[in-house]
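Heads up: the protein sequence lines correspond to chains A and B, in order. Start counting the first sequence at 1; every next residue gets the next number (this note's numbering). Start counting the second sequence at 1; every next residue gets the next number (this note's numbering).
Hints listed in this document are in silico derivations from the structure and should not be mistaken for laboratory results. Yeah, the Cβ is synthetic: ideal placement off N, Cα and C, and Gly gets one too. Some hints could be false.
[Claimed, not checked] With the C-beta cut set under 10 angstroms, the calculated list includes, among others, these residues of chain A facing chain B:
no.	residue
1	Ala2
2	Ala176
3	Asn180
4	Leu228
5	Val231
6	Asp235
7	Met242
8	Asp244
9	Trp246
10	Thr281
11	Pro285
12	Asp308
13	Tyr318
14	Asp427
[Stated by the list, open to error] Subject to a maximum C-alpha distance of 25 angstroms in a straight line, what follows is the list of computed DSS-like cross-link-like pairs (lysine-lysine):
no.	chain 1	residue 1	chain 2	residue 2
15	A	Lys44	A	Lys71
16	A	Lys403	B	Lys483
17	A	Lys366	B	Lys36
18	B	Lys557	A	Lys366
19	B	Lys462	B	Lys423
20	A	Lys403	B	Lys336
21	A	Lys202	B	Lys385
22	B	Lys36	A	Lys175
23	B	Lys263	A	Lys260
24	A	Lys400	B	Lys19
25	A	Lys202	A	Lys279
26	B	Lys36	B	Lys385
27	B	Lys161	A	Lys406
28	B	Lys263	A	Lys279
29	B	Lys263	A	Lys313
30	A	Lys273	B	Lys336
31	A	Lys366	B	Lys19
32	A	Lys400	B	Lys336
33	A	Lys400	B	Lys53
[Stated by the list, open to error] Just some of the chain B residues that point at chain A, by a computed CB distance under 7 angstroms:
no.	residue
34	Thr46
35	Asn49
36	Phe51
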Amino acid sequence: MAQRAIREYDGKALFAKHWNEYFDGFHYPFKSVLVTSGEELKQKANEHGFEWLKQEPLVAKPDMLFGKRGKNGLVLFKVNKPGDVTLEDAAKWIDEKRSHDITLLSGQTGRLTHFIVEPFTPHTQDQEYYIAATTVGEDDVLYLSAEGGMEVEENWDKVNEVRIPIDLSDSDIEKAIKANIPSEIPEDKQAEFAAFAFAFYKFFRDLHFAYLEINPIVMLDNNEMAILDLVARLDDTAGFLMKDKWGDIEFPTPFGMEEKSPEEQAIAEADAKSGASLKLTILNPMGRIWTMVAGGGASVVYADTIADLAGVKDLANYGEYSGGPTTAETQFYAETIFDLMTRHKDPRGKILIIGGAIANFTDVAKTFTGIINALEKYADKLKEHNVKIYVRRGGPNYEKGLKDIKEAAEKLGLYIEVYGPETHITDIVRMAIEADKGDK
Amino acid sequence: MENRLFTKDTQAIFWNNNKSAIQRMLDYDYVIQREKPSVAAIVAPTSSNKFEKFFYGPDEIMVPVYRSTKEAKAAHPNADVLLNFASFRTAYDVTMEALDIGGFRVIMITAEGIPERLARIMNHRARKEGVTIIGPATVGAISPGAFKVANIGGTIENIVKSKLHRPGSCGLVTRSGGLFNELSNIIALNADGIAEGVAIGGDRYVGSVFIDHLLRMEQNPDVKYMILLGEVGGIEEYKVIEAVKSGKIKKPIIAWCIGTIAKHFSSGVQFGHAGASANAERETAEAKNAAMREAGIHVPTSFNDLPKVINEVYNKLKKEGVISEIEEPAVPEIPKYRRPKNFICTISDDRGEEATYAGFPISSVATPDTGKTIGDVISLLWFKKVYPRWAVDFIETVLKTVADHGPAVSGAHNAKVTARAGKSVVESLVTGLLTIGPRFGGAIDGAAYYFKYAYDNNMSPKEFVAYMKKQGIPIPGIGHRIKSVRNPDKRVEGLKKYAAEFFPSTSLLDYALEVEKETTAKKDNLILNVDGTIGILMVDMWRALGYREKEIDEFIKSGTLNAFFILGRTIGFIGHILDEKRLAMPMYRHPWDDILYDVQKAEEI
């Protein structure tokens, strides 16, 4: 649960959906499509309402949560001269771009899969403005500039900053915005821009955006607005309030990051269904040290310590289970990890850290029953991969939990060392790594 | 108090009936020998229970349950801590309502994942109003030896092991709740435990931050040094550095930020809590650890080294005489196996030398020389109070007035018929008693209910009569078969006279007499009858005795008024039954000619 980016297309769709409610007096045609291939684009052009794809010159660009698309040469707006891109050109360009891996200037590499296609909007540089909103410290901040377009970062001194404390009344917000309209905006446009900025802020606030930027926003004649480029992040914890307003919104994996593995996906789904917390990230599937740690803070401490003592290369996964998961949930979580760690053989064997702090309310015996069930199921595989298990845990019912897991593992013929709260939380990492080095 | 988060007198209202967490608090209370339980009340909006039972050591105690924070706070104005255990969907509303109500000094919020904007609004408002919010997404806080929030510290065994049952000398602040417990243990092993500890919570926007608590601890004389466990992400640690540099904090601080692992991975991996992700170089764990070290804060080389540093700082302060030796208090044992009791009794006790009525030995109320009468016994056993003489006498007047109304009323008739069938006294009596209900004897209840309802809702007598007509209900307690304005009921006259003389006030009776003027204007016999007078005067009696309107409503709802009728009329029923036994009349059979038979012949058999 956190602030998560959405696609440019989805951001624009949100604007369109709520336009009349917030931006009364302004006009936004929302001509925009999201496609994954040239073929899909051409089919879209045959649908009612999308005739403009055949009639107007187009702009195409990837829509995958990364910026600086212009600098990366990933915006198609001309073949010979600006504004001459046809449907056929756009489809061909999309198919070419998605046929091979792309490396961005920032270093991320990946395959382009999603593209946004829109009409080319003829306008002049002086019609381009910049507007953004986010939260800094305790306050919301609205950024306004007469200098739109991709040069805004170099013109940061021309950006006006409007600080908006969270308890400021609407009328004071409106006043603060009016007082901070960039003087470079032509006088006859200032009132309109202020009205738009006020509406923009309310839209940002009411729809629980964490970040919202339009760069540039183009003010055409007759109050027609063109949203040329948009970046947006939503606070996904507000999802339960925003069911209707957001609709079924997608939070895609950012470009260049590996898609979630099916196992990570399964844990994420179990997490969403449970009142407890289950998290799993695979850092290196070939890694030798696997962790199954209870608690958000403890899991970080274990990861820190493994990186310090063994190096980050050996750390296979990061994750945690906490908040009193049921026996079945814990078993599912354990099985997922055991399965992952017995896929690639390593002649040096592997280490499994079943760690955790002294629990506040999680019943250790109950969760350990889940781990024991998983151990029973995976005993042969764990032995085959020469897995050494180190356990450290405290909390409600820990004596029983520790005794049970020790007995079970020994009966199954697994190598196990078990420690309680008298042993320092991360000391099992030191023991495991020293034993591992001694073995060689 | 000012510089301490909690004291041994602090009491909380617990929002949500989280039985295991509340039990842990009460176990803690027992171990530290608190006088009052740390949970004054529970708020459970959908519960129909009035209280919940918990163990206090080997015994059980009851904690009252309310359906709203408002009611709970009104009944327990001194409880100035709200433990908000609502889910992420409702935690915001519960907090805002508590701020509206006022009188809360500390609000702890456990839910994880409250929408960020709502968390900011809530935190901002609390800060402005001087209310300390702990959380969201936290396990809470503890002042060892004084007060413990919910589950913090874990089981009672762990609490004693980690020396959280008596004050030590460390002020502890962490983000993580799980590691709070771990650190308490480390501090107990390497120093003398903690004086006050807070887990501020893992969400991005939490109400109170490290600096808020450390500044308070700086002023708290029980705290001799502080430990701060931070996390990658955010800039809260820099505020602490500022305070150290400017001399606002002079006590030694030991600090460590976890999450050094994050530097090895791109921003895509979320390590730990929602608040734990670095947006800039200075938010990384390394940068913060380095900056704290540079400011003179004791920073270990790794988390593994933390115990060593704690031990060094502690020993140095001890050597300097800042910290002195702590005498370990005796720890009362909590029985391993406790059985919840199936029954509760709050009126009498037969376990001692002599059985008691509401705490009074029977001999102190039974014999004539005590000056106590049956009315006194009723006030003790029914209301657990000693009622003043005028009220006791009124109760007895009521009992005497309702004792019998002749053999023809349905209850007495049923008792007589049963007795004639050869049944015993008890069988015949219950037959009579079972007749009592909405039509027979129910007017007392009904009169009290409707007249009070009209009075409480400021209906004029005219409006009340019109209201009842619209409802299609004859006004209970109004009307008599024979008696009328010109031929008043002597019993009613007697009751009215008694009330006028001895009751401190008779607000509802005065109102009822105004209503009577309205009804008798319509028909001469629509007078306030004896049932009505009794019901109404009972309400006046309770009002004069200082009961709240809500409590009186409860009496009416639970059938207390009816109980007076049942008790009084039992005297009459027994009289009729004994009369039948004496007369030895044969079995009764109702004559055919007194029954109208209207049965159709079957068409086909």
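Comparing the hints with the structure gives:
A hinted interface residue such as Ala2 of chain A counts as satisfied when its beta carbon comes closer than 10 angstroms to some beta carbon of chain B; here the least separation is about 5 angstroms, so the hint holds. Against a cut-off of 10 angstroms between C-beta atoms, the interface hint on Ala176 of chain A is violated, since the closest Cβ of chain B lies about 17 angstroms away. Nearest Cβ of chain B to the Cβ of Asn180 of chain A: about 22 angstroms, over the 10 angstroms cut. The hint is violated. With a least beta-carbon distance of about 26 angstroms to chain B, the hint placing Leu228 of chain A at the interface is violated under the 10 angstroms criterion.
Below 10 angstroms, beta-carbon pairs count as interface contacts, and Val231 of chain A has none with chain B, the closest being about 15 angstroms; its hint is therefore violated. A hinted interface residue such as Asp235 of chain A counts as satisfied when its beta carbon comes closer than 10 angstroms to some beta carbon of chain B; here the least separation is about 5 angstroms, so the hint holds. With 10 angstroms as the threshold, the beta carbon of Met242 of chain A comes within range of chain B, its nearest partner Cβ sitting at about 9 angstroms, so the hint holds. Hint status for Asp244 of chain A relative to chain B: violated, with the closest Cβ pair at about 15 angstroms, above 10 angstroms.
The closest approach between the C-beta of Trp246 of chain A and any C-beta of chain B is roughly 12 angstroms, which is over the 10 angstroms cut-off, so the hint fails. For the restraint placing Thr281 of chain A at the interface with chain B, the shortest Cβ-Cβ distance is roughly 5 angstroms, inside the 10 angstroms limit, so the hint holds. Using the Cβ-Cβ criterion of 10 angstroms, the hint placing Pro285 of chain A at the interface with chain B is not satisfied: the shortest such distance is roughly 15 angstroms. Because the closest C-beta pair between Asp308 of chain A and chain B is about 6 angstroms apart, less than 10 angstroms, the hint holds.
Checking Tyr318 of chain A against chain B: minimum C-beta separation of about 6 angstroms stays under 10 angstroms; hint holds. Against a cut-off of 10 angstroms between C-beta atoms, the interface hint on Asp427 of chain A holds, since the closest Cβ of chain B lies about 7 angstroms away. With a C-alpha separation of about 28 angstroms, the suggested pairing of Lys44 of chain A with Lys71 of chain A is violated against the 25 angstroms cut-off. Distance restraint check for Lys403 of chain A and Lys483 of chain B: the Cα-Cα separation of roughly 84 angstroms exceeds the 25 angstroms cut-off, and the hinted pair is therefore not satisfied.
Under the criterion of a C-alpha separation no larger than 25 angstroms, the hint pairing Lys366 of chain A with Lys36 of chain B is inconsistent with the structure, at around 33 angstroms. Restraint check for Lys557 of chain B and Lys366 of chain A: not satisfied, since their Cα atoms lie roughly 45 angstroms apart, outside the 25 angstroms limit. Only pairs whose Cα atoms come within 25 angstroms are accepted, and Lys462 of chain B paired with Lys423 of chain B is rejected, the gap being roughly 50 angstroms. With a CA separation close to 19 angstroms, the supplied pair Lys403 of chain A and Lys336 of chain B stays within the 25 angstroms bound.
Between Lys202 of chain A and Lys385 of chain B the CA atoms are separated by roughly 60 angstroms; this puts the pair beyond 25 angstroms, and the hint is violated. In summary, the hint linking Lys36 of chain B to Lys175 of chain A is not supported, as the alpha carbons are separated by about 53 angstroms, beyond the 25 angstroms threshold. This hinted pair checks out: Lys263 of chain B and Lys260 of chain A have alpha carbons roughly 21 angstroms apart, not beyond 25 angstroms. Proposed proximity of Lys400 of chain A and Lys19 of chain B is supported: the alpha carbons are some 23 angstroms apart, at most 25 angstroms.
A distance of roughly 34 angstroms separates the Cα atoms of Lys202 of chain A and Lys279 of chain A; the hinted pair therefore is violated under the 25 angstroms criterion. Restraint check for Lys36 of chain B and Lys385 of chain B: the C-alpha separation of about 22 angstroms stays at or below 25 angstroms, so the hint holds. For the hint pairing Lys161 of chain B with Lys406 of chain A, the CA-to-CA distance comes to about 23 angstroms; that is within 25 angstroms, so the pair holds. Between Lys263 of chain B and Lys279 of chain A, the direct Cα distance comes to roughly 19 angstroms. Compliance with the 25 angstroms bound is thereby established for this hinted pair.
Taking the CA atoms of Lys263 of chain B and Lys313 of chain A, the gap is about 13 angstroms. The hint holds against a cut of 25 angstroms. About 35 angstroms separates the Cα atoms of Lys273 of chain A and Lys336 of chain B, which puts this hinted pair outside 25 angstroms; it is violated. Between the alpha carbons of Lys366 of chain A and Lys19 of chain B the distance comes to roughly 19 angstroms, so the proposed pair stays at or under 25 angstroms and holds. With a CA separation close to 15 angstroms, the supplied pair Lys400 of chain A and Lys336 of chain B stays within the 25 angstroms bound.
For the proposed pair Lys400 of chain A and Lys53 of chain B, the alpha carbon gap of about 28 angstroms is over 25 angstroms, so the pair is violated. Annotation: interface hint on Thr46 of chain B violated; nearest CB of chain A at approximately 18 angstroms, more than 7 angstroms. The interface hint given for Asn49 of chain B is broken, as the beta carbon of that residue sits about 23 angstroms from the closest beta carbon of chain A, more than 7 angstroms. A least Cβ separation of about 23 angstroms between Phe51 of chain B and chain A goes past the 7 angstroms threshold, and the interface hint is therefore violated.
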